[in-house]
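What follows is each chain in one-letter form.
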Amino acid sequence: MIALGLLVSAVAIGQGISSYQLCRAGMSALLDLRLEQVAVRMRNGLAETIPATPSRGSQPSRDIVITIHKPGSEVPLRSTDPSLQLPQDAAAGFSSHMVSGERWRIYTLRDVGMLIQIAQRSSVRDELEREKALNTLWPTLVLLPLVLGAVLLIVRMSLRKMKQLGEEVQGIDASHLKPLPSAGVPTELLPFIDSINRMIERLAQSIEAERKFIADAAHELRTPLTALQLQADNLQPHIVPGNQERFNELRSGIGRSSALIAQLLRLARADAPLSGGTIEPTDVSRIVVESVSDVLPIAASRGIDIGAEEMVAAKVAAPGADVSVAVKNLVSNAVRYTPNGGTIDLGMRTEGNMMWVEVTDTGPGIPQELLPRVFDRFFRANLDVEGTGLGLSIVKSITQKYGGDAVIRNRSDGRSGVVAAVSFPLAGTPAGSLGST
Amino acid sequence: MRVLLVEDDLQIGQSLMRALKDASYSVDWVRDGLAGRAAVEAAEYTVVLLDLGLPGMSGIELLRAARAGGNAVPVLILTARDDLDSRIEGLDIGADDYLLKPFEVGELLARIRAVLRRKAGYAVSRLGDDTINLNLDQRTLTFGDKVGVLSAREFALMHALLEHPGTIFSRSQIEDKLYGWGKEVESNAVDVLIHSVRKKFGQGVIRNVRGLGWTVILGGAPAGE
Numbered sequence: 007m008i009a010l011g012l013l014v015s016a017v018a019i020g021q022g023i024s025s026y027q028l029c030r031a032g033m034s035a036l037l038d039l040r041l042e043q044v045a046v047r048m049r050n051g052l053a054e055t056i057p058a059t060p061s062r063g064s065q066p067s068r069d070i071v072i073t074i075h076k077p078g079s080e081v082p083l084r085s086t087d088p089s090l091q092l093p094q095d096a097a098a099g100f101s102s103h104m105v106s107g108e109r110w111r112i113y114t115l116r117d118v119g120m121l122i123q124i125a126q127r128s129s130v131r132d133e134l135e136r137e138k139a140l141n142t143l144w145p146t147l148v149l150l151p152l153v154l155g156a157v158l159l160i161v162r163m164s165l166r167k168m169k170q171l172g173e174e175v176q177g178i179d180a181s182h183l184k185p186l187p188s189a190g191v192p193t194e195l196l197p198f199i200d201s202i203n204r205m206i207e208r209l210a211q212s213i214e215a216e217r218k219f220i221a222d223a224a225h226e227l228r229t230p231l232t233a234l235q236l237q238a239d240n241l242q243p244h245i246v247p248g249n250q251e252r253f254n255e256l257r258s259g260i261g262r263s264s265a266l267i268a269q270l271l272r273l274a275r276a277d278a279p280l281s282g283g284t285i286e287p288t289d290v291s292r293i294v295v296e297s298v299s300d301v302l303p304i305a306a307s308r309g310i311d312i313g314a315e316e317m318v319a320a321k322v323a324a325p326g327a328d329v330s331v332a333v334k335n336l337v338s339n340a341v342r343y344t345p346n347g348g349t350i351d352l353g354m355r356t357e358g359n360m361m362w363v364e365v366t367d368t369g370p371g372i373p374q375e376l377l378p379r380v381f382d383r384f385f386r387a388n389l390d391v392e393g394t395g396l397g398l399s400i401v402k403s404i405t406q407k408y409g410g411d412a413v414i415r416n417r418s419d420g421r422s423g424v425v426a427a428v429s430f431p432l433a434g435t436p437a438g439s440l441g442s443t
Numbered sequence: 103m104r105v106l107l108v109e110d111d112l113q114i115g116q117s118l119m120r121a122l123k124d125a126s127y128s129v130d131w132v133r134d135g136l137a138g139r140a141a142v143e144a145a146e147y148t149v150v151l152l153d154l155g156l157p158g159m160s161g162i163e164l165l166r167a168a169r170a171g172g173n174a175v176p177v178l179i180l181t182a183r184d185d186l187d188s189r190i191e192g193l194d195i196g197a198d199d200y201l202l203k204p205f206e207v208g209e210l211l212a213r214i215r216a217v218l219r220r221k222a223g224y225a226v227s228r229l230g231d232d233t234i235n236l237n238l239d240q241r242t243l244t245f246g247d248k249v250g251v252l253s254a255r256e257f258a259l260m261h262a263l264l265e266h267p268g269t270i271f272s273r274s275q276i277e278d279k280l281y282g283w284g285k286e287v288e289s290n291a292v293d294v295l296i297h298s299v300r301k302k303f304g305q306g307v308i309r310n311v312r313g314l315g316w317t318v319i320l321g322g323a324p325a326g327e
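In the order they appear, the protein sequences are chains A and B.
Start counting the first sequence at 7; every next residue gets the next number (our numbering).
Start counting the second sequence at 103; every next residue gets the next number (our numbering).
No lab work stands behind these hints, which were simulated from the structure alone.
Where a beta carbon is used, it is the ideal one built from N, C-alpha and C, also for glycine.
Fair warning: there could be bad hints in the mix.
[Claimed, not checked] Simulated pairs of lysine to any residue, SDA-like, Cα-Cα distance not exceeding 20 angstroms:
1. A/Lys334 x B/Phe257
2. A/Lys76 x A/Pro93
3. A/Lys218 x B/Ser188
4. A/Lys334 x B/Asp185
5. B/Lys279 x A/Lys321
6. B/Lys221 x B/Thr242
7. A/Lys334 x B/Gly313
8. A/Lys218 x B/Gly155
9. A/Lys321 x B/Ser272
10. A/Lys334 x B/Thr269
11. A/Lys218 x B/Asp185
12. A/Lys76 x A/Val46
[Unchecked claim] Taking CB as the label site, the calculated pair distances span:
13. A/Asp222 x B/Leu186: 36 to 44 angstroms
14. A/Gln250 x B/Glu288: 52 to 60 angstroms
15. B/Gln116 x A/Arg342: 32 to 40 angstroms
My request is simple: use the sequences and hints to build the entire structure.
What follows is the structure, given as structure tokens:
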């Protein structure tokens, strides 16, 4: 924008200078023409109208001086200002001479028996020229700010659209790959928007291909794993008691593989883009109760006190199945990391247009330096407890898909343990309706 | 008892054959959908174990064709597809149960028994399991080694809880189930009722879940209180 302003100013200045110069040259030519015309008139007999002895001091300084000589005579035959001694040897036509300490523009016409010289002060001519030439600058001076203002306005308007587009681009990530809108975009930007949209499309395709591959691979792995599970089960009656423990290790290995595959499929599903259509609002308190029910037998058998602190009756704009996966993941993590006899608290609260579900445990907590990585795939902060390292990645994917978030932090009340929280936009809020487009 | 196994994977098929034979079922095994349909039409089976991804004709199509032809044989779907839509579709078109791969032999056999029981129309006369159960005919509750007769209100409470064991019921949900809509309920009525059941059977019979409500846990979880 500054460059454009400078360019416009430079053009205006250039235009001003050139029209100034042109105008001065034009004025100069006009003044010359006048000198020449007067000279011609003098030759045609008008010389007689000039008084032989003009009254002194009556000559305004801006006026022209006419001098007519007989050749060879020092004293002019006629002169409007006899005190001015014009050089008689001046070349025919226009010339400039210093006379009486001033520069004069002189037109010299030599005729038969007559030398006609018409002179004008150069300073007067300069003044006239400058005056007229300066007048030609007025339109430019008035127009320049107007043009600058217009440039500013147009550029601002175009940039505002660009800023909107920039915000749209900012919102693009793996789970929100939507093409940029081309409505209202300046025509010059359309090819740009077009190629960005094509890039987004290619990106979406390759991400989708990767996700499909993970889903397909996990799916395909289920078949051999099923065979393995069944084969192991068939062996069970034939295992001698001395080998039973080793056999159980084998079976728990198979179980782990199954769990990993199930999580991979869940992750692929969580990463899938929103399929469109409207989302039925979900009652989160029902899911909180359900997720506690699910872990209650284990929690009870381990003496863990699990309960809710605060329940909120509000619905969120995300499908129940996904909200359920997210909340249950947090609750099952809490149960796994909380030692026997510990406490797990669930809480719900609304903040702005978000509904948060918090799960607070009395587990060992997570070293502060590892916290930023807990949502990374296959990252596990605590290797003593069994897990796939995918649970929190799934939680993050699901929450972000609907415009919410997932956060894990250590307790700040002096007790050891973590506070794991997920948020979803409340149904019926602007952020909530964003997810249902 | 004769079981039809429709499964295209060689290893899974072989393992299932062995497991079912060990459990004294006689098994016919076919490996594609068309052969499966022919078998279902040709013979009387006690139960059909049906894979969904089959060559020739998908399990869903096979099931649909069988049900359209009026065949009511119990069908248990065995599949690697665990998305909700496939599950709903399978059950909607007439499957009796749905088992996700990989599964354990023990669970498969239990599901087969459950499907057969349901088909035979056994009346449920007992809610719960061996550790805690409610006898619906005699209105007695068994918890561990204690057996006792319940009052009408206590029976209604335990019936509500044991109908969905493990589910947490809030105070208002229990009130709705016990007293019906629009009735004036004393604020501590549920507490009094729970207290009287606990007095007879011990604290662990009904579990209090802090902030949420009450539930009954099957499987003999030790009394935590």
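Decide if the proposed pair is consistent with the structure: lysine 76 of chain A and proline 93 of chain A, CA atoms, cutoff 20 angstroms inclusive. 14 angstroms, holds
Below or equal to 20 angstroms on CA atoms is what counts here, so check lysine 76 of chain A against valine 46 of chain A. Holds - the C-alpha atoms of valine 46 of chain A and lysine 76 of chain A are around 16 angstroms apart, at most 20 angstroms.
When you take the CB atoms of aspartate 222 of chain A and leucine 186 of chain B, is the distance between them in 36 to 44 angstroms? 19 angstroms, violated
Is 52 to 60 angstroms respected by the C-beta to C-beta distance linking glutamine 250 of chain A and glutamate 288 of chain B? 55 angstroms, holds
Is it true that the CA of lysine 218 of chain A sits at most 20 angstroms from the CA of serine 188 of chain B? 17 angstroms, holds
Pair hint lysine 334 of chain A and glycine 313 of chain B, alpha-carbon separation not exceeding 20 angstroms: 18 angstroms, holds
Does threonine 242 of chain B lie within 20 angstroms of lysine 221 of chain B when you go C-alpha to C-alpha? Between lysine 221 of chain B and threonine 242 of chain B the Cα gap is close to 27 angstroms, so the pair fails against 20 angstroms, i.e. violated.
Straight-line Cα separation of lysine 334 of chain A and threonine 269 of chain B no greater than 20 angstroms? 15 angstroms, holds
Mind checking the alpha carbons of lysine 334 of chain A and aspartate 185 of chain B for me, to see if they're no more than 20 angstroms apart? 17 angstroms, holds
Lysine 334 of chain A and phenylalanine 257 of chain B were given as a pair; does the straight-line alpha-carbon distance stay at or below 20 angstroms? 32 angstroms, violated
Measure nothing beyond the straight line between the CA atoms of lysine 218 of chain A and aspartate 185 of chain B; if it is 20 angstroms or shorter, mark the hint as holding. Given that 20 angstroms is the threshold and the Cα spacing comes to 14 angstroms, the pair holds.
Within a Cα-Cα threshold of 20 angstroms, do lysine 279 of chain B and lysine 321 of chain A meet the stated pairing? Cα-Cα ~24 angstroms, so violated.
When held up to the earlier numbered hints, the structure conflicts with 1, 5, 6, 13 and fits the remainder.
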